[in-house]
Amino acid sequence: MNVVYTVTLALLGAAALMTTARLVRGPTVFDRIMAVDVLSVLLVSGVAVHAAVWGEPAHGTILVVIALLGFVGSVTAARLAAQREGSA
Numbered sequence: 529m530n531v532v533y534t535v536t537l538a539l540l541g542a543a544a545l546m547t548t549a550r551l552v553r554g555p556t557v558f559d560r561i562m563a564v565d566v567l568s569v570l571l572v573s574g575v576a577v578h579a580a581v582w583g584e585p586a587h588g589t590i591l592v593v594i595a596l597l598g599f600v601g602s603v604t605a606a607r608l609a610a611q612r613e614g615s616a
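Our numbering puts the first residue of the sequence shown at 529, with every later residue one more than the last.
To be clear, the hints were calculated from the coordinates, so they are not data collected in a lab. It should be emphasised that the depicted structure is a prediction, and the values quoted were computed from it without experimental measurement. Just so you know, not all the hints are guaranteed correct.
Here are the computed distance ranges between Cβ atoms for each label pair [claimed, not checked]:
no.	residue 1	residue 2	range
1	584	606	31 to 37 Å
2	529	553	35 to 41 Å
3	608	529	39 to 45 Å
4	531	609	37 to 43 Å
5	554	578	28 to 34 Å
6	554	585	36 to 42 Å
7	530	591	19 to 25 Å
8	588	614	37 to 43 Å
9	529	586	15 to 21 Å
10	546	609	19 to 25 Å
11	541	584	17 to 23 Å
12	546	603	19 to 25 Å
13	531	590	21 to 27 Å
14	555	601	18 to 24 Å
Here a beta-carbon is modelled for each residue, glycine too, at the ideal position from N, C-alpha and C.
Please construct the entire structure, taking both the sequences and the accompanying hints into account.
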């Protein structure tokens with residue numbers, strides 16, 4: 529089980545690095561918004577893997593909070609960017 533845990537976290541870490549590169553490079557604000565959304569999903573996935581391997585049911589609340597914050601943040605940023613692009 530430790531091998532699966534390690535490989536899963538390594539793959540999530542690699543995905544986070546590639547997503548961070550997209551966040552830095554852009555080129556548009558919508559690419560950056562999508563990258564932040566993907567990073568929040570990767571964070572939720574990492575916490576879920578940790579909770580599953582170590583049997584921590586209390587992490588369920590943390591998962592819900594992170595997912596909701598990621599969703600609300602992405603929707604808010606996308607709406608703001610769409611408003612700014614429409615008025616320009």
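**OP:** List in ascending order the numbers of the hints, as given earlier, that are violated by the structure.
**Re:** The structure breaks none of the hints.
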